[in-house]
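Asker: Let the sequences and hints guide you as you build the complete structure.
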Amino acid sequence: MEALAISLVNAVPLLAGVPLWTVTLLLMVAVAAVILVFALTFEGVGSLVLRKVAGDIQARIGPNRVGPNGMLQFLADGVKLVLKEDIIPANADRLLFKLAPYFVFVGSFAAFVVVPFGVGLIAADLNIGIYYVMAVTSLVVIGVLLAGWASNNKWALLGGMRAAAQIVSYEIPVGMALIPAVLIAGSLSLQDIVRSQGGLLGIFGWNLFHNPFTFFSFFLYFTAAQAETNQTPFDLPEAESELVSGYNVEYSGIRFGLFFLAEFGDMFIVAALATACFLGGWNVPFFHVGTLPWIWGNLLSLGVFLTKAFAMVLIMMWVRWTLPRLRVDQLMRMSWKYLVPLTFVNLLGVSLWLLVFRGKGIPGMIASLFG
Amino acid sequence: MSGPADFIFYAAAAMTVGAAILVAILPNILYAAVALLFSFAGVAGLYVLLSADFLAATQILVYVGGILVLLLFAVFLSNRISDGKTTNPTHFRLPAAAICLVLFGVLSYAAVSTPYAVKKGVYLPTTADIGELLMTRYLLPFEVASVLLLAALIGAALLSRPDRAASVKGEMEEGKR
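Protein chains in written order, with this note's numbering: chain U, 1 to 371; chain B, 372 to 548.
These aren't lab readings, by the way, just hints derived from the structure by calculation.
Quantities reported herein were computed from a predicted structural model and do not represent experimental measurements.
Misleading hints may appear alongside valid ones.
Stated by the list, open to error - Partner residues are not named here, just some residues of chain B that face chain U (Cβ under 7 Å, in silico): (1) 375; (2) 428; (3) 431; (4) 435; (5) 443; (6) 496; (7) 500; (8) 530.
Glycine residues also receive a C-beta, built at the ideal position from the N, C-alpha and C atoms.
Answerer: Here's what the structure looks like:
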C-alpha cells in the first residue's frame with residue numbers, strides 16, 4: 001500500500017506537499033470502501049441467487065415479482081432491511097444486543113482484506129494471510145454467542161451456543177485441511193500460494209492435482225468449511241424447525257441485516273480460500289498473467305478468480321438445498337471423530353510426500369518424464 | 372517513527388490498559404468478558420506495531436477465539452447466572468491490593484531495567500524463524516506444553532463422559548417399566 005502511495009505521490013504533482021502517511025491512509029480507506037461495495041453487492045446478489053437456486057432445486061419459481069424475472073428482489077430486500085423498525089426486546093441486554101452484530105460483521109468482513117482477487121489486486125498481501133483469516137473469523141464466534149445471550153430468549157441462546165460450539169469444532173479441520181497448500185507454497189501468504197500453482201502445467205499445476213492427499217484435502221476443507229459457516233446440512237444453529245431462527249431470532253431491521261450479510265460474506269470467503277488454495281486462484285492456464293499490461297493482466301486474473309469463486313459458491317448452494325440437516329450429536333461426531341483425525345492423517349501424508357518426492361507433485365513428475 | 376506510528380501506539384496502549392481496568396472493575400461478568408476482548412485486541416495491535424504479525428494473529432486466535440469463548444461458555448453454563456450475583460467477588464481487598472502493588476512494582480522495575488535488544492530495520496516474515504526455533508532450540512518447552520494440553524484434553528473428556536455404570540443402570544430401570 002505504501003509503495004502505491006509513493007508512486008501516486010510521484011505521479012500526481014498536486015500531492016507532493018501532503019505527508020506520505022496521509023496518502024497511504026486515504027488509499028487504505030478507498031480500498032476498504034471498494035471491497036465493502038464488492039462484498040455488499042455480492043451479498044445482495046448472492047441472496048437472490050440463493051433463493052433462485054432453492055426455487056429451481058425444489059421445483060418452484062422463487063422470487064419473480066420485483067423487476068424482470070425477480071432480478072431486483074435483493075434491492076427491495078435491502079431497502080426493507082434498512083427501513084424496518086429496529087426492535088430491542090424489553091428484557092434484552094441492550095448494550096450487548098447492539099454490539100453483537102458488529103462483532104459478527106467485522107469478523108466476516110475483515111477476512112476480505114487478504115483475498116487475492118488478481119495478480120495485483122489484494123488489499124494487503126500479509127505474510128500470514130491464511131492464518132490471519134483464521135484469526136479474525138474467530139471474532140464471529142464471540143458475536144454469535146453474545147447475540148444469543150443478549151436476546152434473553154431460549155431459542156436464541158441455544159442457537160448461539162450451538163453456533164459457537166460448531167464453529168470452534170470445525171475451525172480445527174478447516175485449518176488443518178488448508179495447511180497442505182501452505183506446505184507446498186512454503187508461505188502463509190495467499191498471493192504466494194496462488195503463485196505456486198501457476199506455471200506451465202496449466203490446471204494440473206493446481207494444488208488440487210498435486211498429489212492424492214491434496215486432492216482429498218480439498219474435499220475435507222470444503223466439507224468442514226461448509227459446516228464452519230453454518231450452512232445446511234450443518235445449519236443447526238438456525239434450524240428453523242427446532243429453533244425458529246437461532247441466535248438472530250430477536251433481531252430485526254439492519255441489525256438482522258448485518259448477520260445476514262456476514263453469512264453471505266463467510267460463504268464468499270470459504271469459496272475464495274478454496275479457489276486460492278486448491279483451484280489455482282487467479283492463474284490463467286498455460287499463460288503468465290504478469291506479462292500482460294498491468295490493467296489487462298489484473299482484469300483477466302480478476303475474471304478468472306471470480307469465476308472460480310462464484311462456481312464454488314453455486315456448489316455450496318447446491319449442497320445446501322440438497323442434503324437434509326444433521327442431528328447435533330452427529331454434527332459433533334463428524335467433526336471430532338472423522339474430520340479431525342482425517343485431516344491430521346492427510347497432513348502427515350502431504351508432509352511425507354513433499355519430503356520423499358522433494359516437493360514435486362504427480363503432474364510435475366509426469367511432465368519431467370517427457371522433459 | 373513519528374506521527375501516525377506514535378499515535379497508533381498510544382491508541383493501542385490506551386485501549387489495552389483502559390479495557391483491562393474495565394475488566395477489573397465492571398460488576399457484570401459478561402461486560403468484563405467483552406472488555407477483555409478489547410484488551411486482547413489492543414495487545415494484538417501492539418504486536419503488529421512490533422512487526423510481530425504471527426504473534427498478533429496468534430493472540431487473536433488463541434485468546435479471542437479460544438480462551439474468551441471458553442470463558443463465555445463457562446458463564447452461560449453456570450446455573451448461578453440468573454440471580455444476578457455472578458460478579459467479580461470483592462473479598463480480601465487489602466491483601467489483594469498489597470499483592471497487586473508488589474507485582475506492579477516488580478513488573479515495572481523489570482520493564483524499565485531490561486536492556487531490550489532494539490533492532491531497527493526491515494520487516495521480514497517471522498513465521499519461518501519462529502517455526503525453526505520451535506523445532507530446534509525450544510523443542511522441549513514446546514513438547515512439554517503440548518503434553519500438558521493433551522493431559523488437560525483427556526481429563527476434560529474423562530470428566531464430561533457420562534458415567535457408564537449409572538447410565539447402564541438407568542437403561543435397565545427404563546426397561547423394567
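Asker: All the hints need checking, so say for each whether the structure fits it.
Answerer: Going down the list of hints, with the structure as the test:
no.: 1; hint: 375; result: 5 Å, holds
no.: 2; hint: 428; result: 4 Å, holds
no.: 3; hint: 431; result: 4 Å, holds
no.: 4; hint: 435; result: 5 Å, holds
no.: 5; hint: 443; result: 5 Å, holds
no.: 6; hint: 496; result: 4 Å, holds
no.: 7; hint: 500; result: 12 Å, violated
no.: 8; hint: 530; result: 16 Å, violated
The structure is inconsistent with the numbered hints 7, 8, although it conforms to all the rest.
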